[in-house]
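Here is how the chains run, residue by residue.
There are 2 protein chains.
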Amino acid sequence: MCQLLGMNCNTPTDITFSFEGFRRRGGITDHHADGFGIGFFEGKGIRLFHDDKPSTNSPVADLVRDYPIKSENVIAHIRKASQGQTSLANTHPFMREMWGEYWLFAHNGHLIDFAPEQGNFYRAVGCTDSERSFCYILNHLRQQFSEKPDEATLFAAISELTHEIRTYGLFNFMMSNGDCLFAHASTLLHYIVRKAPFGQARLLDNDVMVDFAEVTTPNDKVAVIATLPLTRDETWHQLAVNELVMFRQGDIVRSDKPHTAIYMSVEEGLALARAVGVSC
Amino acid sequence: MCQLLGMNCNTPTDITFSFEGFRRRGGITDHHADGFGIGFFEGKGIRLFHDDKPSTNSPVADLVRDYPIKSENVIAHIRKASQGQTSLANTHPFMREMWGEYWLFAHNGHLIDFAPEQGNFYRAVGCTDSERSFCYILNHLRQQFSEKPDEATLFAAISELTHEIRTYGLFNFMMSNGDCLFAHASTLLHYIVRKAPFGQARLLDNDVMVDFAEVTTPNDKVAVIATLPLTRDETWHQLAVNELVMFRQGDIVRSDKPHTAIYMSVEEGLALARAVGVSC
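From first to last, the protein sequence lines are chains A and B. The opening position of the first sequence corresponds to residue 1 in our numbering, with each subsequent residue numbered one higher. The opening position of the second sequence corresponds to residue 1 in our numbering, with each subsequent residue numbered one higher.
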């Protein structure tokens with residue numbers, strides 16, 4: 001199964017600590033060795049790093065580790081291509097411009113027979129169901145709204161499109177325009193909001209510890225979202241199955257959590273991913 | 001003045017030698033210290049590296065130097081922001097998707113009062129005349145052709161749009177979809193096509209020499225396009241003022257060279273850039 005990592009904060013923050021654990025899942029502590037990608041918003045601009053090498057031994061991942069880029073919104077993805085080619089064109093996150101903003105999108109899951117008609121505005125370049133679903137969302141948003149709508153309308157529209165797409169299969173995704181970050185769970189997606197009083201945490205995938213009190217100010221609020229928790233010594237929360245949330249400034253500000261919230265165990269989620277042959 | 005660098009080849013080639021000289025113009029041998037960007041096509045995918053640090057001391061540029069990425073089409077840009085902010089959103093090359101392909105664009109020049117109406121498909125994210133001109137070209141192409149037209153039609157359409165935009169000022173640019181590379185000169189744009197028998201060359205900006213015979217095969221054909229020649233020991237050619245060319249497989253395959261071709265001297269080109277306050 002591919003893995004997702006996202007960050008949404010109220011102040012530009014570097015993601016090197018979380019990324020260090022996350023990248024080890026690309027070949028060392030797990031088997032997602034078909035490339036990786038990470039996109040950092042800086043203001044309205046984006047730094048986008050893609051590599052078709054496993055993230056554990058990618059020079060591009062080394063750069064990301066050694067060059068602490070501060071960002072308020074980050075989306076990263078490690079790819080396990082159980083179907084489809086390993087190629088740069090299929091490497092997440094994908095980027096498009098809509099309403100004069102860049103949008104990033106990364107997906108973990110598997111959509112069966114998802115082949116929507118070609119939209120008017122956006123087309124997939126590669127051959128993944130993931131990029132097709134991103135283009136589908138953007139085409140429909142752009143068709144409905146020639147200008148960016150207010151936040152409530154935008155959230156409702158993305159929630160509706162997500163509901164539609166997830167009938168095709170597993171659809172864990174993250175999407176951001178550099179202002180807010182949308183995260184949706186079909187199976188497994190965990191998050192933590194770090195804020196004062198900051199404590200210490202140790203990576204699950206690597207013997208690295210950080211004392212957040214030393215690298216933050218009291219007003220910082222940093223949400224980290226990942227397929228699986230990245231640290232011990234901290235309590236991670238989980239998105240319900242079929243829940244879409246919107247993060248802004250390090251907090252969940254909107255959710256469409258189902259009335260009967262179901263939380264999938266890690267074992268169930270991984271078993272389901274194996275059963276349907278998750279590709280991304 | 002900003003500087004442009006492009007490469008178009010018939011076989012995936014690394015640009016590290018040319019880039020090594022080029023990047024030194026970002027702060028050491030010239031004054032273009034407001035960030036840089038480089039995009040490499042790999043198949044239909046793109047690796048895009050942007051930095052708002054000067055290219056001479058950018059960790060991202062170090063990565064590009066140390067990680068020889070082989071590509072058939074590359075576009076790079078060093079920015080001298082004589083107007084406008086230095087920000088990631090204003091850093092070339094810009095990228096958009098059209099007809100299911102990624103397109104890269106970088107510009108060196110200055111367009112005065114170029115504020116076209118908002119198009120239906122593409123909008124600028126940053127605040128440069130460069131990105132506006134790129135979106136203008138794409139909007140008009142997409143409006144004219146819902147699918148990619150044949151090569152002759154595409155070249156004629158880009159030639160016409162270029163003719164229109166250059167009435168607003170200086171418009172040296174490069175644009176590629178990973179298959180062909182368009183280059184247009186308002187003032188200075190030089191190129192060289194390296195092919196067998198390959199010789200040696202020494203960078204103008206750095207005491208580095210390469211023997212191309214050692215790093216090529218006899219069938220390789222590599223076009224390098226740059227604002228100013230990068231090497232001694234080789235004969236660089238120049239695009240005529242107002243000439244648009246299309247490179248494919250390392251050769252110029254189309255040109256709209258004016259009947260009366262005018263070639264600007266380097267001194268004239270630099271003086272003109274200074275006079276109009278070239279920004280990009």
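Simulated from the structure, these hints should not be mistaken for lab results. Heads up, some of the hints might be wrong.
27 Å max Cα-Cα, derived DSS-like pairs, lysine-lysine [unchecked claim]:
{"hint": "1", "chain 1": "B", "residue 1": "Lys44", "chain 2": "A", "residue 2": "Lys53"}
{"hint": "2", "chain 1": "A", "residue 1": "Lys44", "chain 2": "B", "residue 2": "Lys195"}
{"hint": "3", "chain 1": "A", "residue 1": "Lys70", "chain 2": "B", "residue 2": "Lys53"}
{"hint": "4", "chain 1": "A", "residue 1": "Lys257", "chain 2": "A", "residue 2": "Lys195"}
According to the in silico footprint, chain B covers these stretches of chain A (three or more CB under 8 Å from chain B) [stated by the list, open to error]:
{"hint": "5", "region": "40-50"}
{"hint": "6", "region": "86-98"}
{"hint": "7", "region": "206-219"}
{"hint": "8", "region": "228-236"}
To list a few chain A residues with every Cβ distance to chain B over 10 Å, as calculated [to be verified]:
{"hint": "9", "residue": "Val193"}
{"hint": "10", "residue": "Phe198"}
{"hint": "11", "residue": "Val266"}
Just so it is clear, CB atoms sit at the ideal spot from N, CA and C, and this is done for glycine as well.
How the hints compare with the structure:
A threshold of 27 Å between alpha carbons decides the hint, and for B:Lys44 with A:Lys53 the separation of about 17 Å falls inside it, so the pair holds. Annotation: proposed proximity of A:Lys44 to B:Lys195 is violated, straight-line Cα distance about 42 Å (limit 27 Å). With a CA separation close to 14 Å, the supplied pair A:Lys70 and B:Lys53 stays within the 27 Å bound. Straight-line distance between C-alpha atoms of A:Lys257 and A:Lys195 comes to about 24 Å, which keeps the hinted pair within the 27 Å bound.
Counting residues of the region 40-50 of chain A whose beta-carbon sits less than 8 Å from any beta-carbon of chain B gives 9, enough to reach three: the coverage restraint holds. Residue count for the region 86-98 of chain A with a Cβ under 8 Å from a Cβ of chain B: 8. That meets the three needed, and the coverage hint holds. Beta-carbon proximity to chain B at under 8 Å applies to 0 residues in the region 206-219 of chain A; the threshold of 3 is not reached and the given coverage is violated. For the region 228-236 of chain A, the assignment as covered by chain B is violated, since 0 residues bring a beta-carbon within under 8 Å of that chain's beta-carbons and 3 are needed.
The beta carbon of A:Val193 sits about 26 Å from the closest Cβ of chain B, which is more than 10 Å, so the claim that it is off the interface holds. Distance check on A:Phe198: its Cβ is at least 28 Å (rounded) from any Cβ of chain B, clearing the 10 Å threshold; non-interface status holds. Every beta carbon of chain B lies more than 10 Å from that of A:Val266, the smallest distance being close to 32 Å; the non-interface claim holds.
Violated hints for the displayed structure, listed by number in ascending order: 2, 7 and 8.
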